[in-house]
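Asker: Okay, here's what each chain looks like letter by letter:
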Amino acid sequence: MLELKNICTYYGNIQALHDISLKIEEGDIITLIGANGAGKSTTLMSISGIIPPRTGEILFKGQPIHNLSPDKIVALGICQVPEGRHIFPDLTVAENLDMGAFLRKDKEQTTKDLDYIYDLFPILKDRRNQPGGNLSGGEQQMLAISRALMAKPQLLLLDEPSMGLAPLVTRQIFDIIKKINREHNTTIFLVEQNANLALKVADRGYVLETGRITLHDKASTLLADEDVQKAYLGI
Amino acid sequence: MISFKDIQKGLLVSLWFVFLTFPLMVIKVNPIERVITWRWQNMGWVALGSFCYYLATKIYKARKLARQQQIKLGLIKERVDWGQRLLSERKIYLPVLIVVGLGFLIFPLVLSTYQTNIMVTALMYVVLGLGLNIVVGVAGLLDLGYVAFYAVGAYSYALLNMHYGLGFWTVLPIGGLLAASFGILLGFPVLRLRGDYLAIVTLGFGEIIRLILENWNSFSHGPSGISNIPRPGFLGLHLSLGHSITYMYYLMILMVLFTIFVVNRLQNSRIGRAWFALREDEIACQAMGIDKTRTKLTAFALGATWAGMVGVIFAAKTTFVNPASFTFLESAIILCIVVLGGMGSIIGVIVAALILILMPEYLRAFSDYRMLVFGAVLVIMMVFRPQGIIANVRRTYKIPDAIKPKLSRK
Amino acid sequence: MEPLLNIIGLTMDFGGIRALDSLDLRVRHGEIVALIGPNGAGKTTFFNCLTGIYKPSAGDLLLTPPGKGTRRLNGLKPNKVTQQGLARTFQNIRLFPNMTVLENVMIGRHCRTRAKVLGAIFRNHKTVLEEKEIVRLSLEILEKIGLADMYDEFAKNLPYGAQRRLEIARALATDPFMLLLDEPAAGMNPQETSELDDLITTIRDDGLSILLIEHDMKLVMSLSDYIFVLDYGKKIAEGTPEEIRNNPAVIKAYLGEDIDNA
Amino acid sequence: AADPIKIGVAGAHSGDLASYGLPTVKAAELVIKDINAKGGINGAKVELLVEDDVCKPEVATNTATKLVSQKVNVVIGHICSGATKAALPIYRDAGVIVMSPSATNPDLTQSGDYPNFYRTIASDDAQARTEVDFAINNLKVKKIAVIHDKGDYGKGLAEFAKKFIEQSGGKAEVVLFEGVTPGAVDYSAVVQKIKRSGAEAVIFGGYHPEASKIVTQIRKKRMKTTFISDDGVKDDTFIKVAGKNAEGVYATGPADVSSNPLTKKYRDKHQKAYKAEPGAFFDNAVAATLALTNALAKAGSTDSAAIAKVLHTQDVATPFGDIRFDKKGDAIGVGFSMYQVKDGKYVQVQ
Amino acid sequence: MDYFVELFFSGLTRGSIYALIALGYTMVYGIIGLINFAHGEIYMIGAFTALITSTVLSIFGFPLPAIVILTLLASAIWASAYGFTVEKLAYQPLRNAPRLSPLISAIGMSMFLQNYVLLAQTSDFLPFPALIPDFDFMEPYAGFIGSSDMVILVTTTVVMLLLTWLIKFTRTGKAMRATAQDRKMAMLVGINVDNIISITFVIGSALAAIGGLLIASHIGQINFYIGFIAGIKAFTAAVLGGIGSIPGAVLGSFILGLTESFATGYVSSDYEDVFAFSLLVLILIFRPAGILGKASIEKV
Ligand SMILES: Nc1ncnc2c1ncn2[C@@H]1O[C@H](COP(=O)(O)OP(=O)(O)OP(=O)(O)O)[C@@H](O)[C@H]1O
Ligand SMILES: Nc1ncnc2c1ncn2[C@@H]1O[C@H](COP(=O)(O)OP(=O)(O)OP(=O)(O)O)[C@@H](O)[C@H]1O
Ligand SMILES: [Mg+2]
Ligand SMILES: [Mg+2]
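Chains A, B, C, D and E are the protein sequences, given in the same order.
To convert a position in the first sequence, counted from 1, into the numbering used here, add 4.
To convert a position in the second sequence, counted from 1, into the numbering used here, add 1041.
The third sequence: position 221 = 208 (the numbering used here), numbered continuously.
To convert a position in the fourth sequence, counted from 1, into the numbering used here, add 1047.
To convert a position in the fifth sequence, counted from 1, into the numbering used here, add 222.
Mixed in with the good hints there might be a few duds.
Claimed, not checked - Distance condition first, Cα-Cα at most 27 Å in a straight line; then the derived DSS-like pairs of lysine-lysine:
id: 1; chain 1: A; residue 1: K222; chain 2: A; residue 2: K65
id: 2; chain 1: A; residue 1: K9; chain 2: A; residue 2: K222
id: 3; chain 1: C; residue 1: K64; chain 2: A; residue 2: K129
id: 4; chain 1: A; residue 1: K76; chain 2: E; residue 2: K390
id: 5; chain 1: B; residue 1: K1333; chain 2: E; residue 2: K406
id: 6; chain 1: E; residue 1: K516; chain 2: C; residue 2: K42
id: 7; chain 1: D; residue 1: K1345; chain 2: D; residue 2: K1189
id: 8; chain 1: C; residue 1: K64; chain 2: B; residue 2: K1333
id: 9; chain 1: B; residue 1: K1105; chain 2: E; residue 2: K406
id: 10; chain 1: C; residue 1: K239; chain 2: C; residue 2: K42
id: 11; chain 1: A; residue 1: K204; chain 2: A; residue 2: K156
id: 12; chain 1: A; residue 1: K129; chain 2: E; residue 2: K310
id: 13; chain 1: A; residue 1: K182; chain 2: A; residue 2: K204
id: 14; chain 1: C; residue 1: K239; chain 2: A; residue 2: K183
id: 15; chain 1: D; residue 1: K1085; chain 2: D; residue 2: K1345
The set of hints was computed from the structure by calculation and includes no laboratory data.
Kindly produce the complete structure, drawing on both the sequences and the hints.
Answerer: Listed below in structure tokens is the structure:
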């Protein structure tokens, strides 16, 4: 479904990604793990076109997308929940969710999806007329994920969705990830610090080290890998 | 380097500009006589000009990209920013400094009075720029009414001299202090405003000062101003015009050196650090125990002090002051100096002041076009060098030798 | 002995929302106290009230620095609170991004030093000495935190985990006797989290008391001496980690059934 | 050939006041072209050094220094009184004679500080005197509102007007004295105030843009107040801009010179060269150029004392008739008369 | 009492004039946080285009209603084109630059455009034809409020309502608000940020052009410098009302206009600007984000 071929991404003159190649099949949950500053977020930003790669190719369903502007990429069905939530602070919770569905035309289905989201996160329903900026960190994270879900993406890019979430909610979020993957056949590309959890839900995993892919394998294999355990699982 | 597609696009761009400028450039109407003048030839100029500008930017971008590619492939070394290099390599900056220093020293001896005179003006703006730099560049407070303090200084010399016969040297510090008190007076109520709100209030304050000077005749002589202000005396001698300008010149050089010295020391002090931090994040600053209001006030008052002193010098140099010299445009130009120079960078401010103030003087030949060019230069400079001529240089700290070895990268 | 920090009936309203509801809380000298609770429970709001960033609607904030009398923190400006000896970090990192690591820490020393404008200009002996001392102390702190080798890097260029630690270093530089940490482990991988665990323990052993907000239960349970649990602004439980782990209300509102997976 | 004679032309040539400075440049150019065509002055070609001062005092000092260091012989300018005041000491120290076509501030000649200064325009007080006398004696108004534009020229004039009215021994009174902000979008509040003050006439000190706005507002409010103004308003642009509202407005201006052959000659030349009416102070600038070149020719040298002597003692033909300069530097014979707009034209009254 | 009412109406007129310009300021500020100093110049260019178009059309003998409509269209189109181009040339390349760089670029643009019009046209004041006729039914009230005042007042109100509706309820409006608050995230939900910013400039410029036309017709004269002064005042008004807020800009403008009017009427017009700016300082001291601006406590 999505294929990265030798992409190199730069911040000014600093190279953050070195020849990254990876492949995501439709309906998969793929996870990318790595230490702080390894380049995980950068990879997602490159896919979304915010920081386009300087060299290399990104193919979505066989079509090159690395030259498209971010909005075109979203229109193809690739949505991202960025690191740090990025809630529109002065829009209300409801309006934030509405923005998620910005490119959608099917009004009725959108309303239904909204109800579905409110079911998933009742707290958002309580707060729906409040500015998003006033929510607590965790509430904002829920809102950010919900906003992406409102777009009905084919490929969902999640950047550290569990950051700052209460344990109960973290588990709930992971359940939801599994659920939408199962029920809507949404392909998911998951970046997580909590490698333990991530590898448990994922089908396959990639390990990123200072801008280079160093390992990739079935999630269960990685979970058992001694090096991985030492470096990322804190065991 | 330029493809056919670029040419095509360039043509489109020039077509757009022809459309854009059509009513204003081509048609000229005389609404009273009801005649229309058609100036079709302008259309051609616009088309040509915009096409060339487009290609120029294209080439610039293409070359920049090519460079980056080459750097990546390891064909060429990355070029260090010349501004940074100038400042960081002793081998380069020392000779440059000596040559420039000598140049400034003998300037009035080799060049005409006129050249010296405009250089004095430029040096005044150097000091103004450095002063505003404390407020805007270092402390991050956008002040659009800086000229108010300049006016305070100028009028304090004019008035104190007129009423009490006080001399230049007496008033110089008084003007600075008066301006500083005005800074504090204004600062108290408004410094808690954020960003651009502060900007508009300071702009308003600048206007208020000017309007008061304009309207309060019995105090300031209103719009006709105060004339016959004495130039600074030199041991009580009477100086000819040329000599007195030369004298002002050296005086300004001393003033600039003094300002650089003080500003540099301030920046590299505990207070200076607090200013930088305040610019970065106010809330974090407060959480670190920095008194926001007080720190900002200090910056504001210090910035104002320089404006006040230069104001005194201004009055002495022109021998005449009236409110028309203290308009918003003046504030804007000083602000341009700070930003164009590179916020918080002393050398940058100096270079920018010299460029911005001398440019209109040397553009006198194109008198009609000079303000047009001036505006265009501001835009182009910002577009191609948004961080300013010399981006702020980082400060270094003496690391005690005892700890040094531990700091080397693992 | 008086508790170091004694909060009585703290209430904070935002328009219609009551983010904190008559909260009582105490921290004793040398303790690591954790504050946990679901997202939006009001933990960060509590820190903000305590450090003077928000003005609480009601309640008393009483501080008894070691060896000194009790004082109220209500109505103090943030910088005054810091001067009293409370230092904090932020949930959403708030470093000075364009200043170096060393400078970030040096800023922390601001409230403990006194050089003024004239001193800065004339650089008298006292100022020079003071400045040297700031550098020395800052480097010392950086070394303790493990960031000394990056002292010359811009803060914005640090990896996330390092930024979190730099926030702690900066807070330590203000010479606090009590440290408020807001989710210091967020965004850290398990490896880094365990390093953080050690760091916080060292800081406590240096004689500081610590108030910690964290969602990483492993860290909380291993570190804390005492835990307060908030939900919807109200305290729903307090106790030792063992008590909290088994408290049904806490499990229902916050931990969920099988805690080990988190 | 002899060294060329250098005449400086200084004034606002760019910026928002350019329209007051540029006509002077054109006037000087036209006159000098003629002179050079006839072989120059005493065989020396005349060279114009045109320098912009944007009407700012501080720039004017640079301009003056530049001209002085280029060894200019005489200067036509500056345009604004403020800039002139700032520049004059520099010329004075260098012994350069300056003649302004437009700087009307009385101090310039009356203070005695600037012996090197001359002008071909009457000073503000003379003009204010004309306005006030006309209002009191001819129009017989009792209540007068004095309005100005807060500027150097306008406010100075208004203050003289006020003083003269107050000295009139109760024949009239000033019911309102107020400044308006030039460039403001709307003057209706001031106009309301005029209406309330019950003024029968308004004496306005300032330039035509403000004048036309105020007059228009007055007429829009259906008020009948007489409007009297100054030389800054006695400009055809005023009539064009204010249109039918300009009808009946009084303005002082130099005595009607349109029948003077020199005036005609240069206005025609301007029309031919630029396809436009000459702008503000054009005639005054022609007069200044003629007076200076004449003095240079008669003096036979570029020595300023010699030039000054000619200026003071010998008449020269200008658009204003034959004029010479009094001891203070004011042109004798350049006075003011009153005009009124009738059928879209300024017509001399009396 | 009459006097009060008269001053009140003259204040309203002034206020609506400011408002038409302030709206554009506020929109641009709202979306990219830039004090667009060149906005006043766009207004001036709108007025010039209107003058040129209406003169050309009237020379060609068009009837008045046609002239009014075509002039309005032409000035809106060209002003928008200028706004669009200025943004592309001077601001878009500076999206990621330090905060003050676009401000300097804007100041430069403002000088450039002023002098461009000065050179391309003239520095003189030009008479502007009265495109708004004196309505007969307004005649009895002419002492209080003229026909053009009325038209300006009504236009301002209508424009404000339309804009508020646009921003609050339409898709484009939402996209504008989203872009204003978090540009990166706006891209990530599929908004073409460049287009939205361009649209904002275009709308703001069109408004300025409408303002230019009405105001020029009301005052009866224009020159290249009118934009600068009006621009500063309009910006003050926008800040007074709470910059970024549409109703705020209008409210701020009215308050500013009324203050100036009453200050002139009851004190002296010598100090009308002093009053205006002092009011600004006072209001900002008590409401640091302007009258309608949200003084949101920053969530930390
Ligand atoms: N805006 C930027 N400018 C310059 N360098 C950057 C920028 N953003 C990130 N970097 C650098 O790029 C590298 C990769 O960063 P990235 O944010 O992708 O890491 P990450 O794997 O997502 O880390 P984390 O776990 O902390 O989120 C880091 O070295 C970082 O310092
Ligand atoms: N400035 C504010 N204005 C309005 N409401 C606010 C503000 N700050 C916080 N709140 C509200 O107060 C509640 C508590 O927020 P707080 O940030 O304290 O939560 P928290 O316990 O820190 O949560 P988390 O663990 O997710 O960070 C939230 O519901 C939030 O919406
Ligand atoms: Mg990341
Ligand atoms: Mg929190």
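Asker: So, for every hint listed, does it hold in this structure?
Answerer: These are the hints, each one checked on the structure:
At roughly 22 Å between alpha-carbon atoms, A:K222 and A:K65 fall within 27 Å of each other, so this suggested pair holds. Straight-line distance between C-alpha atoms of A:K9 and A:K222 comes to about 20 Å, which keeps the hinted pair within the 27 Å bound. Under the criterion of a C-alpha separation no larger than 27 Å, the hint pairing C:K64 with A:K129 is inconsistent with the structure, at around 36 Å. Straight-line distance between C-alpha atoms of A:K76 and E:K390 comes to about 25 Å, which keeps the hinted pair within the 27 Å bound.
Distance check on the hinted pair: B:K1333 and E:K406 sit about 31 Å apart at the alpha-carbon level, beyond 27 Å; violated. Of the pairs offered as hints, the one joining E:K516 and C:K42 holds, with about 18 Å between alpha carbons and a cut-off of 27 Å not exceeded. For the given pair, D:K1345 sits about 50 Å from D:K1189 by alpha-carbon distance, which is inconsistent with the 27 Å threshold. Note on C:K64 and B:K1333: the hinted pairing holds, with a Cα-Cα distance of about 10 Å set against a maximum of 27 Å.
Between B:K1105 and E:K406 the CA atoms are separated by roughly 25 Å; this keeps the pair inside 27 Å, and the hint holds. Of the pairs offered as hints, the one joining C:K239 and C:K42 is violated, with about 31 Å between alpha carbons and a cut-off of 27 Å exceeded. A C-alpha spacing of about 24 Å is found between A:K204 and A:K156, which places the hinted pair at or below 27 Å, so the restraint holds. At roughly 41 Å between alpha-carbon atoms, A:K129 and E:K310 are farther apart than 27 Å, so this suggested pair is violated.
Taken as a hint, the A:K182 and A:K204 pair is honoured in the structure, with Cα atoms around 11 Å apart against an allowance of 27 Å. Among the hinted pairs, C:K239 with A:K183 is consistent with the structure: their alpha-carbon atoms are about 22 Å apart, no more than 27 Å. Our distance criterion of 27 Å between C-alpha atoms is met by D:K1085 and D:K1345, whose separation comes to about 16 Å.
Hints 3, 5, 7, 10, 12 from the earlier list are contradicted by this structure; the remaining hints agree with it.
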